[in-house]
Amino acid sequence: MSDTPKFKVTIDNITVEVPAGTTILNAARLIGGDVTPPAMCYYSKLENSGGKCRTCLVEVSKGSEKDPRPMPKLVASCRTTVMDGMEVKNITSERVIDARKGVVEFLLINHPLDCPVCDQAGECDLQDLSYEHGSEQSRLDFPKRTFEPEDIGPNIQLHMNRCIMCYRCVFTAEQLTQRREHGVLERGWDSQISTYLNKALDNEFIGNIIDVCPVGALTDKTFRFKQRVWFTKPMDAHRDCPTCSGKVRLWFRGEEVFRVTGRKDKWGEVEEFICNTCRFDKKRASDWVIEGPTKVNRHSVISQNHYRGAVEAQKELIREIIGKEPKMLLDIHTVSDVNRPEIHLSEIHGPSHSNDFLPNQKLEGQRKLEVGKK
Amino acid sequence: MKLLLENAHIEGIRNYDIYRKHGGYRAVEKALKLTPDEVVEEVKKSGLRGRGGAGFPTGMKWSFLAKPEGVPRHLVCNADESEPGTFKDRYLMEFLPHLLIEGLIVSSYALGSNLTFIYIRGEYAWIVDILEQAIAEAKNNGWLGKNILGTGFDCEIYVQRGAGAYICGEETALIESLEGKRGNPRIKPPFPAVQGLWMRPTVVNNVETIAAVVPIINLSGEEYAKIGVGRSTGTKLISACGNINKPGIYEITMTESVEEFIYSDEYCGGIPKGKRLKACIPGGSSVPIVPTNLLFKTAKGETRYMNYESLSDGGFATGTMMGSGGFIVFDEDQCIVRHTWTLARFYAHESCGQCSPCREGTGWMYRILKNLEHGKGKMSDIDLLWDVQRKIEGNTICPLGDAAAWPVAAAIRHFRDEFEWHVTHADEAQKRNFGLAHYADPRPVPAS
Chain A
1 MSDTPKFKVT IDNITVEVPA GTTILNAARL IGGDVTPPAM CYYSKLENSG
51 GKCRTCLVEV SKGSEKDPRP MPKLVASCRT TVMDGMEVKN ITSERVIDAR
101 KGVVEFLLIN HPLDCPVCDQ AGECDLQDLS YEHGSEQSRL DFPKRTFEPE
151 DIGPNIQLHM NRCIMCYRCV FTAEQLTQRR EHGVLERGWD SQISTYLNKA
201 LDNEFIGNII DVCPVGALTD KTFRFKQRVW FTKPMDAHRD CPTCSGKVRL
251 WFRGEEVFRV TGRKDKWGEV EEFICNTCRF DKKRASDWVI EGPTKVNRHS
301 VISQNHYRGA VEAQKELIRE IIGKEPKMLL DIHTVSDVNR PEIHLSEIHG
351 PSHSNDFLPN QKLEGQRKLE VGKK
Chain B
375 MKLLLENAHI EGIRNYDIYR KHGGYRAVEK ALKLTPDEVV EEVKKSGLRG
425 RGGAGFPTGM KWSFLAKPEG VPRHLVCNAD ESEPGTFKDR YLMEFLPHLL
475 IEGLIVSSYA LGSNLTFIYI RGEYAWIVDI LEQAIAEAKN NGWLGKNILG
525 TGFDCEIYVQ RGAGAYICGE ETALIESLEG KRGNPRIKPP FPAVQGLWMR
575 PTVVNNVETI AAVVPIINLS GEEYAKIGVG RSTGTKLISA CGNINKPGIY
625 EITMTESVEE FIYSDEYCGG IPKGKRLKAC IPGGSSVPIV PTNLLFKTAK
675 GETRYMNYES LSDGGFATGT MMGSGGFIVF DEDQCIVRHT WTLARFYAHE
725 SCGQCSPCRE GTGWMYRILK NLEHGKGKMS DIDLLWDVQR KIEGNTICPL
775 GDAAAWPVAA AIRHFRDEFE WHVTHADEAQ KRNFGLAHYA DPRPVPAS
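Chains as they are written, first to last, in my numbering: chain A, 1 to 374; chain B, 375 to 822.
Read the hints as simulated data drawn from the structure, not as lab findings. Just so you know, not all the hints are guaranteed correct.
Coverage of chain B stretches by chain A, computed from C-beta distances (three or more under 8 Å per stretch; other residues unrestricted) [said to hold, decoys possible]:
id, region
1, 719 to 725
2, 734 to 746
3, 767 to 776
Below, in silico cross-link-like pairs of lysine-lysine (DSSO-like), each with a Cα-Cα straight-line distance of 27 Å or less [unchecked claim]:
id, chain 1, residue 1, chain 2, residue 2
4, A, Lys233, A, Lys45
5, B, Lys441, A, Lys66
6, A, Lys8, B, Lys520
7, A, Lys101, B, Lys562
8, B, Lys600, B, Lys376
9, B, Lys395, B, Lys520
10, A, Lys66, B, Lys562
11, B, Lys555, A, Lys199
12, A, Lys144, B, Lys744
13, A, Lys226, A, Lys266
14, A, Lys233, A, Lys283
15, B, Lys744, A, Lys101
The model shown is predicted, which means the values in this text are computed figures rather than measured ones. For each residue, glycine too, the CB sits at the ideal point set by N, CA and C.
So here's chain A without its partners, still in its complex pose (with noise of 0.2 Å):
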């Protein structure tokens, strides 16, 4: 890597330094936070991936230190390469922010509103992603998009009325199996992801593309309806596996496993592909080294007392990036004037108390936001 020169890239005024080839994606991700562009259809362990979901779009103010002009266009961060002294705006930008959120409408406006009956609900990028970008209402006057359901095989099941055409599993059975069986057929509005006259899906290594599939389009007949995913905990484990890494993730209810799952870094990708025998067919604990409970994202909905990125949101970053606050489902000031407005909850340690509310009386909650202003 040291004959590989660095290029120092600044993303939302914030500069880093990467080696020469790396996507504004994956500068940004070193960064991380909210400066990271959300990525739909982009998965780093796949080739080739990325560029489609256009949800990952980012202005270039600068495009390097030799030639200074923007770029007019917005460029999708995961397929365009850093240069040198390269300027991007991601959530500085309005034309970001309303590209984005154009994006994940159009994303939306032919996904069913399943979610409570959806087995991806709960740990969903879809989600995720109308959480923070979404409208509350669809402005689509029209039937929604359905397909006829199709058998793809004992394991797995698709539900293509969900998908968003990311490609991801297409290029999953391309490049992790020996012969991919699934495609897109048709094109446009009409596309679908489908097998040439209903074969099954039974390679070695298939089941990957439920993991990789960001919504609930593919899923895991051996787990359907089983269970909710907040109500499983998930716990890291290994086997000895012929065929694989054998290192998964158990997804317990009491003493049941309900699942078994590829382990997934922060960014929701798979760290090592599982073969179909771990996914499928070691269902019991007793299958398993069990090596301890995984420690789950601060915002994830499933509740694990084991958690990461539990840190206080970095303030340096807040004054950074111009008045974009830290991410929260609802701000309680929106509607309440209690507990005091002037007190930002994030810049409260630990569980807030009463005490840190209480009038006239400075406490540490407004001390630390004094000393924050200054």
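With chain A fixed as given, assemble chain B onto it according to the hints.
Below, chain B alone, put in the same frame as chain A:
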């Protein structure tokens, strides 16, 4: 002045002997005496701009071609002409196939392509036979194959039929299709000039662009550049259709005014049945439609001419584009809402479905417009339509999203009250099935 269609009227020009008798293949003889770089230089000097729609300078495109050692390069001729309103390439290939072959040999020599393809629209089935016969004739006479004219340059040309998708006219989708894959546009970069067909450097050029290389070599680049005006050099084929007396292919030198082009007997010959002009799409269905008041004069009050600069004067707010030269004329009886719906249906049908704004947006626009046209629209639909097109434009992988958004945007921009009239007078709009006439040419109806 005619360069491309000079010999089009000659009986049997499709055959090699007659084509050769009328000066055919002189350009190959001349070009093969130059070095490839000198040929590229001639094309650069000519100022030739891509005739497929975007108008990018061809010489510059050729000089971008990467030339790594030991990697073959390819020239692909884009004959996947599917734009509604454009049919100039069909005419060229059908009646002057040898002109295209001659242009391809010269261009292949300039670019160092030993394997050249013509990717032709699937619906042009009968033209495939014409081209293949022309290729066979050229080969029999030593213009193709190994060691052409003893220069050591080898070249083969193959014709590949598409399967009927508009999107395969986009250069990267064309390359994918040519490789035998699903015709989805690639994400750029890398550009085809670096990694194109089979990951080799590739140049994709329109039929008319390739054909124009022949007169450039025959005349020399400087002479060619003297034709036309400003940066619009040479001649351009315009395929005129719609409500005109003489639809057909016209070769223009880009110095004619739009008014002259529509009304003079040399070109379109005016509007039939003494009707008045309402609007015009000067460059194929993807470019913005302009009403009469902005068609003859630019917003600044200058006369609008048929060339790249003048047509796009004023940007999209008051101007349009030269595009691929599909000149569609609307008389006062045509309904803009119905027309926009038709185009939206076309783009929704032809979207490849790869990226979300285009896949969902084109289908959505089509459905909104269908409601508006059929008297089921609401006032808010017009604003919604505007918002949807705005969110498609510029946010897609390939220009099909823009091409779908621009006509809708221009129709709402210039003919908004016609859309509103379809909402407020739904019954009348359906019954009459044509739009408001007050956009029409302010000039009095000519006495018949």
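Here is what the structure says about each hint:
1. 719 to 725: holds (count 4)
2. 734 to 746: holds (count 8)
3. 767 to 776: holds (count 4)
4. A/Lys233 x A/Lys45: holds, 26 Å
5. B/Lys441 x A/Lys66: OK: lysine 441 of chain B and lysine 66 of chain A at ~24 Å, within 27 Å.
6. A/Lys8 x B/Lys520: violated, 51 Å
7. A/Lys101 x B/Lys562: Judged against 27 Å, a Cα distance of about 23 Å means the pair holds.
8. B/Lys600 x B/Lys376: holds, 14 Å
9. B/Lys395 x B/Lys520: holds, 24 Å
10. A/Lys66 x B/Lys562: Holds - the C-alpha atoms of lysine 562 of chain B and lysine 66 of chain A are around 21 Å apart, at most 27 Å.
11. B/Lys555 x A/Lys199: holds, 20 Å
12. A/Lys144 x B/Lys744: It holds: about 16 Å lies between the C-alpha atoms, which stays within 27 Å.
13. A/Lys226 x A/Lys266: Since the Cα atoms of lysine 226 of chain A and lysine 266 of chain A sit roughly 25 Å apart, the hinted pair holds (cutoff 27 Å).
14. A/Lys233 x A/Lys283: Roughly 15 Å separates the two Cα atoms, so the pair holds.
15. B/Lys744 x A/Lys101: Since the Cα atoms of lysine 744 of chain B and lysine 101 of chain A sit roughly 25 Å apart, the hinted pair holds (cutoff 27 Å).
Of the numbered hints listed earlier, the single one contradicted by the structure is hint 6.
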